[in-house]
Amino acid sequence: MKRNLLFLVVLLLTFSGSLCFAQTDQKTVKEDFKPASTNQPGKEYPQVNSEGRVRAQISAPEAHKVQLDISAVKYDLVKDENGVWTGDSDRQDEGFHYYQLWVDGAAVPDPRSKYFYGASRWGSGIEIPAKDQEFYALKNVPHGQIVEKLYYSKTNYSIRRCFVYTPPDYETNTLKRYPVLYLQHGGGEDETGWTNQGKTGLIMDNLIADGKAKPFIIVMDNGAWRWPENVPRPKPGERPAPGSWPPKGWADGFTKTLLQDIIPMIDTNFRTLADQQHRAMSGLSMGGMQTKIITLSTPDVFSYVGLFSGGSITVEDVENSPEFKDKVKLLFVSYGSRELDENGETRFGGNPKADIEALKNIGIDSHYYVSPLTAHEWQSWRRSLHEFAQLIFNE
0 MKRNLLFLVV
10 LLLTFSGSLC
20 FAQTDQKTVK
30 EDFKPASTNQ
40 PGKEYPQVNS
50 EGRVRAQISA
60 PEAHKVQLDI
70 SAVKYDLVKD
80 ENGVWTGDSD
90 RQDEGFHYYQ
100 LWVDGAAVPD
110 PRSKYFYGAS
120 RWGSGIEIPA
130 KDQEFYALKN
140 VPHGQIVEKL
150 YYSKTNYSIR
160 RCFVYTPPDY
170 ETNTLKRYPV
180 LYLQHGGGED
190 ETGWTNQGKT
200 GLIMDNLIAD
210 GKAKPFIIVM
220 DNGAWRWPEN
230 VPRPKPGERP
240 APGSWPPKGW
250 ADGFTKTLLQ
260 DIIPMIDTNF
270 RTLADQQHRA
280 MSGLSMGGMQ
290 TKIITLSTPD
300 VFSYVGLFSG
310 GSITVEDVEN
320 SPEFKDKVKL
330 LFVSYGSREL
340 DENGETRFGG
350 NPKADIEALK
360 NIGIDSHYYV
370 SPLTAHEWQS
380 WRRSLHEFAQ
390 LIFNE
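Under numbering that gives the first Met the number 0, think of the first position of the sequence shown as 0, with each following residue one higher.
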């Protein structure tokens with residue numbers, strides 16, 4: 000009797016486990032997949048489970064090989080009798096990720112995903128639910144607006160576009176003027192990045208509703224640049240030689256556009272507090288590098304500075320920009336924890352935490368933030384904006 004009872008218990012545990020887990024490629028995958036929030040309406044795939052794995056599926060009856068390509072790793076999909084290919088990824092970091100499918104050697108977007116601009120093209124993206132996603136969740140709070148603004152650039156002889164976030168009370172409190180943050184995207188992205196991938200509007204709406212940030216305008220423009228004609232390019236697949244990147248003058252074009260076109264246009268068309276004390280600039284990755292160059296060279300224009308995975312500012316930088324120390328009210332530097340080695344240094348060298356401590360010692364209000372368990376990715380930058388927004392314009 001005891002032996003039969005033990006057998007029944009083992010059988011029950013084995014059976015119940017089979018309801019929750021599947022064995023794939025010698026790995027146990029939890030079978031609680033749900034459609035991703037970034038899917039096109041009504042589409043069941045791609046899916047995400049509670050472990051952060053992605054399950055992709057595509058119908059390609061005549062294909063010979065199909066792969067899911069996410070986080071620089073390719074995973075083979077398996078074809079069924081109906082020509083439908085399905086497969087899973089390993090666990091992904093929380094937050095947003097670009098991905099694509101490879102069909103017989105051709106990289107294609109997933110026809111069931113919404114499309115996002117990144118890696119210099121429109122392609123698929125997927126959201127891995129994060130434990131702290133409440134700070135950018137859609138809630139029943141007052142919401143601001145994000146408007147598309149077209150304008151003529153005299154420095155580029157062309158029509159350009161930016162997106163402008165205005166706080167919830169902008170349309171009703173018509174006598175009020177607002178500070179402005181100029182917020183830049185990263186390399187291979189454009190002015191849609193912060194609104195779509197970055198969740199800027201929702202982050203700000205929630206912070207303002209909670210009384211954690213002052214209402215301010217946010218301007219998101221296109222900071223893309225072209226490699227200077229007189230600077231040799233690295234060969235495909237090779238990193239630029241040390242000290243050769245970024246090339247000299249790479250940020251000159253956007254600097255001119257920002258100072259001569261974008262800021263005057265915003266101050267003319269929106270109710271801004273149009274002075275240095277009420278103007279901030281920040282950016283992620285390439286946008287952070289642009290922010291560093293521009294704010295160090297024009298401390299009379301910006302009062303708050305934020306670099307998200309875009310380098311840091313050193314005491315030597317400040318010494319070469321004499322007015323920076325006296326005019327800039329606050330400096331914020333951030334990274335994802337996986338961008339740093341065990342010594343706290345970035346893969347390009349340098350220790351941003353040490354840089355920040357040195358700046359504090361010479362009297363600059365400096366802040367350092369590390370996003371836990373994220374790399375060079377949007378979850379790091381969403382968290383960075385969330386932290387930075389609470390620090391600025393609090394005079």
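Rather than coming from a laboratory, the hints here were simulated on the basis of the structure.
Heads up, a few of these hints could be off.
Only pairs whose alpha carbons sit at most 20 Å apart, straight line, appear in this in silico EDC-like list of lysine to aspartate or glutamate [unchecked claim]:
(1) Lys33 <-> Asp89
(2) Lys153 <-> Glu322
(3) Lys326 <-> Asp364
(4) Lys324 <-> Asp266
What hints, given by number in increasing order, does this structure fail? Structure breaks hints 2, 4.
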